[in-house]
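J.: Each chain, written out:
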Amino acid sequence: MQLDALLILAVVMFCAGLMVAITRKNAIMVLIGIELMLNAANLNLVAFSRFDPQALQGQIFTLFVITVAVAEAVVALALAFKVYHYFQTVDLDKISTLKK
Amino acid sequence: MIDVLDILEPKNTHLLLWVLSLLGIPLISFLLSFFAGNQAPGIATLLIFINLLIATTMCFEFWSSETIIKGEWFATAGRQFTYAFYIDKLTLMMSMVVNFIGLMVHLFSVEYMRKDPCISRYFAYLGLFLFSMLLIVLSHDLLFLFVGWELVGLTSYLLIGFWWKKRKATTAANKAFIMNRVGDLGFLTGLMILFAQFQSFDLEVIKSLMIFSEIEQGQWVTSYLYAGVEIFKSVDGRWLSAAGIALFCGAVGKSAQFPLQVWLPDAMEGPTPVSALIHAATMVAAGVYMLARIFVLLDAQALEVVAIVGAVTAFMAAIAALSQFDIKKVLAYSTISQLGYMVMAMGVGAYTASLFHLFTHAFFKAGLFLTAGIIIHQLHHVESNKVSFDPQDMRVMGGLRKHMPYTFAAFLFCAMALVGLPGFTGFLSKDAILLNVAVWADLKGGGFYIPEVLAFMTVVFTSFYTFRMVFLVFFGENRLTRILGDGQITSQIKEGTRMLLIPACLLAILSISWALGLGFDAQDNWLVRALPTPIYLVPISYAAQSLVDVPDDVFKYLHPLVVSISVALALVGIIIAYFAFKPGAKMERRFTERREPVGALGQISFYHWYQDALYQKLFVQLIIWKSKGFDWIDRHMIDAFVVRFGQLQVIIAHIIKWLDRQVVDGLVHGLTLLVGSVGKIGRSMQTGNIQSQVMLSFLFLILLILIFAF
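In order, the protein sequence lines correspond to chains D and U.
All residue numbers for the first sequence refer to this note's numbering, where the first residue is 28 and numbers rise by one.
All residue numbers for the second sequence refer to this note's numbering, where the first residue is 291 and numbers rise by one.
Warning: the hint list may mix true and false statements.
With a straight-line Cα cutoff of 35 Å, these simulated DSBU-like cross-link-like pairs (lysine-lysine) come out [claimed, not checked]:
(1) U:Lys907 with U:Lys458
(2) D:Lys121 with D:Lys109
(3) U:Lys970 with D:Lys52
(4) U:Lys676 with U:Lys458
(5) D:Lys121 with U:Lys676
(6) U:Lys301 with U:Lys455
If you anchor each label on the Cβ, the simulated ranges turn out as follows [claimed, not checked]:
(7) D:Leu83 with U:Gly969: 53 to 61 Å
(8) U:Gly972 with D:Arg77: 23 to 31 Å
(9) D:Ala105 with U:Asp955: 32 to 40 Å
(10) D:Val92 with U:Ile997: 23 to 31 Å
The hints are simulated quantities; they were obtained by calculation from the structure and are not laboratory data.
In this text, a Cβ means the ideal position worked out from N, Cα and C, and glycines have one as well.
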């Protein structure tokens, strides 16, 4: 398996995540997009680690990232829940209080 | 050489309190009376009484001393100005007379002005007058004298126009003020000449430098030190005469001398006590007093002018007094005439006689005015809604002897003093003047006999008009009955109250020569001894021949002659008056119907030599034409220019307005528009939408990477 193919996959995944994060109105969907971008990065780490036989740092770092990402997902979901509770919506277009 | 600053050194300043109290009390009276309302008469009279006491005390304190009080006032342009007061017999006597007559007039006014709503203003003005008059009397500095001089002019103006609702009174006040300004212009010129020569207004300086000034080849030369610097002044000698004549012009205005005397008869529009105080006894005598102060500075030419003007005035006014209907007008012309005597006496060098007449005249003329005031006051009371007449007009009088015996007695005493009958003060002073004039005329000879002739003729006229007045006012039947056809009206005329009679009677008593302790000799009494004629200080070649140098024999030889002629002339005048105006005489019977005298002489007399009409034609018309001319120039030239200029301004303003609107405003608006649109662009980025911001962050991140990568 070629490294290029893996990197292209990661790019496609990242772009998809970015698109989702930028365009979707639902906050949950934006979170999913962010997870996608994170995992694209993980994929990069794993791919580079595969072609470096002396060490497994990339794979181990990925494990850490996944662990932290879980925690982060929990916090983000809690935030999303709180935002919903406060604004009665998770539509990001309507939660534009930063402008005020 | 004399240093002027040595003479100007302050001295005797510890005695200043006397002078300040004498000046200050009338000033306090002026200020208090204004706010005292109905209490003003009492307060003012009390204050003047205190002032009279102070003046009397000063008389005892300073009688035999000649004290100069001097102190620094201010210094400017290297010249020291001082205030200076002089206390000698003359100032003491003058302040006594001013205060005494002031007090009499205050007492009289309490009753006379009782019903006037503006009584506090009246007494305030009287206080101001006494202050300024005493300032003239006491000051020994020509600048101070001038200040007092102008202040009495002001108070005279204020009091003539006291009843400002009467149009005649206001015009008379204006006339008096303007006429006096003409004279004061001369006074000011004289001051300037003396200052230019001597660098000081102080009379002591002027006198001490005058002694050392000389006439060299027609030049008036003075040299002296000023603060150590030698000053040498040399001007044409005629300036010396000019200074004297210019200063005399001031006296011409204030003492109502020809040709400025026309204001005094009109000044009778003021209240009668004011006429007694200001326009008979004191203010009009200020001119003579001023001449006495500068007497030693007058040279022969100036003195000749003074003498001739005085004689002409005395004669003209005596003629004018012959045919007046208004009792106060007669007294006014009589005052002018007597002032003419005083001025003439100054001119002939009879300093003593002139001041002697000033003092005696002050008493008897004030007495005459006050008695006339009583008559006017009592006749005014008879007036009612139904009956109205002019209470000053002698045509409504007659037979008042029976109604007011005391007034009659007082009037008769003063009148006899005015005529100059032996035993009365007027006799002594007039005798002294006539004698000196006779001696002077003999000394000079030629045309200088004319003043003497005029002076003696005036005696006849004086006695004629005085006794014409006495007969018309007090004898016969009251003409009011005839005019109004009301037989009951005369019974309403009553004698004046005690407040009116006491001052008038006191003044009448003081016109008897023994009452003043003067005795019977015009040449030797305490008053004459107190005021010896000073010696002229002007350079010898310009000085007049002093009457002091004339041997006593000349006086002794002429004296009986002069006395007998003057008394005889006075008696002739009385006799003519008696035959013309005794009750039932032809002129007396026709008197009521007359509107104005017939015949050229009568007209000249009644209209005072047409002097008023002449001035009206000559000066007033001239000024009106001049004013009209200026008005035309103002309207058609200056105004037109101003209007054109204004229009130009408007046009320029329009252009500027256009520029402002289009260019300046456009720039400002453009700038704001620019800033606004930039702001709008920046604002549009701030949507508040998280996602767009994330997108932007990514875009910029990519840009950053691109920049770093290449």
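J.: Look at each hint and say if it fits the structure.
T.: Comparing the hints with the structure gives:
1. U:Lys907 with U:Lys458: holds (19 Å)
2. D:Lys121 with D:Lys109: With a Cα-Cα distance of about 15 Å, the restraint between Lys121 (chain D) and Lys109 (chain D) holds, given a limit of 35 Å.
3. U:Lys970 with D:Lys52: It holds: about 26 Å lies between the C-alpha atoms, which stays within 35 Å.
4. U:Lys676 with U:Lys458: holds (24 Å)
5. D:Lys121 with U:Lys676: Given pair Lys121 (chain D), Lys676 (chain U) is violated - Cα atoms ~105 Å apart, limit 35 Å.
6. U:Lys301 with U:Lys455: violated (49 Å)
7. D:Leu83 with U:Gly969: 53 to 61 Å: Since Leu83 (chain D) and Gly969 (chain U) have Cβ atoms about 56 Å apart, the given range 53 to 61 Å holds.
8. U:Gly972 with D:Arg77: 23 to 31 Å: violated (48 Å)
9. D:Ala105 with U:Asp955: 32 to 40 Å: violated (59 Å)
10. D:Val92 with U:Ile997: 23 to 31 Å: holds (29 Å)
The earlier numbered hints that this structure contradicts are 5, 6, 8, 9.
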